[in-house]
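In full-length UniProt numbering, the protein residues as written are 1 to 732.
It is worth saying that the hints were derived from the structure and are not from the lab.
It cannot be assumed that every hint is accurate.
[Stated by the list, open to error] With a straight-line cut-off of 25 Å between C-alpha atoms, the simulated SDA-like cross-links for lysine to any residue are: (1) Lys-44 with His-212; (2) Lys-121 with Glu-135; (3) Lys-59 with Asp-220; (4) Lys-121 with Asp-220; (5) Lys-546 with Glu-718; (6) Lys-133 with Phe-18; (7) Lys-458 with Asp-220; (8) Lys-95 with Asp-220; (9) Lys-298 with Gly-283; (10) Lys-451 with Ala-525; (11) Lys-76 with Thr-32; (12) Lys-489 with Arg-678; (13) Lys-44 with Thr-32; (14) Lys-147 with Leu-13; (15) Lys-721 with Ser-694; (16) Lys-499 with Leu-482; (17) Lys-128 with Lys-59; (18) Lys-59 with Glu-20; (19) Lys-225 with Asn-45; (20) Lys-295 with Arg-278.
[Said to hold, decoys possible] What follows is a list of derived Cβ distance ranges for each label pair: (21) His-689 with Ser-397: 31 to 41 Å; (22) Lys-95 with Glu-26: 20 to 30 Å; (23) Lys-31 with Phe-208: 24 to 34 Å; (24) Leu-217 with Phe-239: 23 to 33 Å; (25) Phe-208 with Glu-248: 37 to 47 Å; (26) Val-54 with Ser-24: 39 to 49 Å; (27) Val-294 with Asp-330: 27 to 37 Å; (28) Ala-153 with Lys-133: 51 to 61 Å.
Beta carbons are placed, not taken as given, at the ideal position from N, Cα and C, and that holds for glycine.
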Amino acid sequence: MGLHPLEFSECYLDSPVFREKIKSHEAELDKTNRFIKELYKDGKNLINATKQLVLAQRKFAQSLGEFQFEYIGDAKTDDERCIDESLQEFSNFLKNLEDQRELMMRNITETLMKPLEKFRKEQLGSAKAERKKYEKETEKYYSSLEKLLNMSAKKKEPQLQEADSQVETIRQHFQEESLDYVCKLQEIQERKKFDCVEPMLAFFQTVFTFYHQGFELANDFNHYKKALQINIQNTRSRFEGTRVEVFELMKRIREVPQEYKQTSPISSEGYLYVQEKRPPPFGSSWVKRYCTFVKEQKILHMVTFDHRSGGKMGETESVTLKSCVRKTTDMLDRRFCLDIEITDRPGTVLTVQSLSEDDHKFWIHAMGGKEPAGQYLGKTYSKERGIDAQLNDVGLSFVKNAINAIETRDEKSNDVDLSTCEEWDVKTITSTLKLYLRSLPEPLMTYGLYKDFIAPAKGGSPESRSQAIHCLVHKLPEKNRLVLGLLLKHLATVAAHSKLNLMTVANLGVVFGPTLMRPQEDTVAAIMDLKFQNIVVEILIEQHEKIFGDVPGPSSPGLSAPTRQSKKLSVRQNRPLAVYNPKKVDLQTVSPTSPDVGSNSDEASLGSNESVSSQSTASGTPPEKANHGRLLASLSTGDSPGACIAVAASRLNSGALTKASSDGDKTVDGVTGGGGKRAMAVYPCEAEHESELSFQVGAIFRAVVPSREPGWLEGELEGKKGLIPENYVEML
């Protein structure tokens with residue numbers, strides 16, 4: 001049973017039981033007082049700890065916002081730019097979250113701390129004051145009563161009556177105080193039920209409001225998060241391709257380091273020990289200097305640099321060379337020395353010592369000395385595996401027949417059996433085609449136009465990039481443009497079936513960027529441009545019909561380097577943040593570490609036929625659709641073709657494997673033709689209503705027309721008509 005009720009009638013009896021009841025009520029109020037004081041103390045600690053958390057979070061956000069990634073090269077990709085800006089976005093998100101947390105703390109102070117403290121001071125405090133008065137009146141009454149009872153009966157009657165009257169007055173005052181105190185005790189016992197709990201309710205409402213606001217912030221952040229995941233995924237894929245090329249370059253340099261020593265035809269660089277003569281008896285000393293010889297002006301720049309002193313760089317000295325003569329050991333007891341006559345101080349000869357015999361020959365050749373010149377050319381790509389590949393009529397015929405063979409066999413093959421000879425022929429053909437393209441003396445997009453192709457990818461809007469690349473493609477030699485168009489048309493078909501073969505446009509860019517275009521110089525700086533090669537190939541795949549089907553008009557923009565892009569994200573590479581809310585992209589389906597995503601080498605795999613077959617069976621997709629999705633998905637298959645390559649090439653060129661297609665411009669999957677405009681999906685989308693279409697990146701829509709719904713289009717995909725978010729597609 002709980003506390004006993006205090007009856008008013010008991011105030012007049014003031015029995016021991018009544019007093020025990022009062023004590024239990026007083027004990028309960030004391031416990032409540034201690035509870036509120038402890039809770040108030042804990043609340044203060046919570047607020048102070050939260051303030052420290054807010055300060056720590058804001059400091060963390062500030063650190064995020066102030067840091068900026070440095071990048072290698074002279075430009076960033078759109079993905080890298082978004083990743084660079086992501087730290088500022090994270091910082092802003094945390095700051096917004098902490099603003100809400102500070103608001104929560106202020107609300108907790110107002111809704112919990114102050115009401116509890118007010119109840120403790122006003123209600124429990126008043127009860128405590130009443131208790132003291134009650135105890136004082138009790139002591140006064142019973143003391144006067146005892147004094148009255150101890151008065152002698154022999155006192156005069158008036159004295160006795162006066163004493164009785166005084167005690168009666170004190171008794172009445174005591175009983176009134178008792179009534180007030182009992183009423184106060186029971187009132188507070190009842191008030192605490194709502195005066196204490198109501199602030200608790202407000203506290204939790206404030207806390208849940210904070211978490212709800214955090215949830216709303218997370219929802220607002222969700223679009224950006226998804227777009228950033230795609231940026232990170234693309235950057236990781238490009239990194240994998242770049243890393244392979246860097247390791248290959250490092251391996252080649254280790255094998256023949258001397259061929260890679262010089263990287264510029266304008267100047268020669270390296271360390272030389274320079275003799276500094278001193279007056280007798282001090283003799284001379286040899287000081288290591290890093291020297292740069294500018295060939296045209298014949299100027300030698302020398303800067304003192306000692307690795308052992310922490311890499312401190314000294315002053316630069318420049319002299320103009322008149323002549324260079326090898327110094328023999330019979331004249332100076334040191335090897336690899338040169339005498340350099342300078343024009344700045346006539347008659348002065350500067351003696352320097354190179355680091356080795358090869359280095360000695362290198363400097364003699366660079367400075368125009370009498371020693372036989374050491375051969376230097378920045379290493380260029382050579383023909384691979386000894387194949388004499390040429391871009392002539394035979395090569396063009398081979399490419400056409402190879403692609404037709406792959407598409408024809410994929411159309412006819414419903415059940416994929418890797419043990420059959422025919423299936424291995426397809427893998428051999430794809431490997432041979434890739435090897436042929438890599439073995440050309442010059443890549444399809446030529447060395448001469450390499451820098452022009454790279455420049456648009458480093459900046460500008462998606463439209464300006466597409467227009468610039470469109471113009472450049474039509475500057476290629478006719479055979480190069482024809483072969484490139486055939487291949488990219490095929491790759492676009494592969495990308496359109498990326499849901500089956502996992503080969504998105506971005507993945508195809510990683511695989512074919514170094515195959516279709518590359519610089520003549522074999523350097524790390526050139527390899528760092530691989531990511532821009534990938535972007536160029538992505539644009540060529542996405543816009544292949546326009547680029548290869550239409551000749552650029554006279555109003556097309558020039559090919560000068562575009563201006564740096566503003567902070568606005570690229571529409572092509574980044575998901576829009578309005579109109580439509582897509583579901584989360586499954587990044588595992590296009591993970592750069594997936595075995596289906598190949599590297600840039602001939603041994604890499606774009607996606608095996610076996611995996612495509614298993615996907616088709618598992619998902620219940622009709623075999624014909626899955627086979628169309630394969631197409632060139634094994635173009636860089638991991639199986640070494642060996643001697644079969646030459647046989648396949650011979651058979652293809654003779655027309656033994658296939659027959660030429662007579663379908664004109666009709667593609668395998670039939671995406672061309674039909675009335676109305678066409679569009680291609682640049683972002684995946686999951687329908688949220690039966691009137692909308694679901695699709696993956698690369699899907700081609702036909703009969704596309706504006707919808708009456710703002711921000712939407714109407715179109716047809718795989719025989720189904722529905723709504724398409726306008727900012728998720730690009731018109732073809």
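Outcome of range test on Cβ distance (Val-294, Asp-330; 27 to 37 Å): holds (32 Å)
Distance restraint hint 31 to 41 Å, applied to the beta-carbon atoms of His-689 and Ser-397: With a Cβ separation near 51 Å, His-689 and Ser-397 fall outside 31 to 41 Å, so the hint is violated.
Pair hint Lys-499 and Leu-482, alpha-carbon separation not exceeding 25 Å: violated (28 Å)
Proposed proximity, Glu-718 with Lys-546 (alpha carbon, max 25 Å): holds (22 Å)
25 Å Cα cutoff - pair Lys-128, Lys-59: violated (47 Å)
Lys-147 paired with Leu-13 [C-alpha distance capped at 25 Å]: holds (20 Å)
Consistency of beta-carbon spacing, Phe-239 to Leu-217, with hint 23 to 33 Å: For Leu-217 and Phe-239 the Cβ distance comes to about 31 Å; the hint holds.
Straight-line alpha-carbon gap Lys-451 to Ala-525, limit 25 Å: This hinted pair holds, its Cα atoms lying about 13 Å apart.
Distance restraint between Lys-44 and His-212, which requires alpha-carbon spacing of 25 Å or less: Measuring from Cα to Cα gives roughly 24 Å; hence the hint holds.
Pair hint Lys-59 and Glu-20, alpha-carbon separation not exceeding 25 Å: Measuring from Cα to Cα gives roughly 58 Å; hence the hint is violated.
Satisfaction of the hinted span 39 to 49 Å by the C-beta atoms belonging to Val-54 and Ser-24: At 44 Å between Cβs, range holds.
Agreement of Lys-76 and Thr-32 with the hint, judged by alpha carbon distance not exceeding 25 Å: violated (65 Å)
Checked against the numbered hints above, the structure violates hints 4, 7, 9, 11, 16, 17, 18, 19, 20, 21, 22, 25, 28; every other hint is satisfied.
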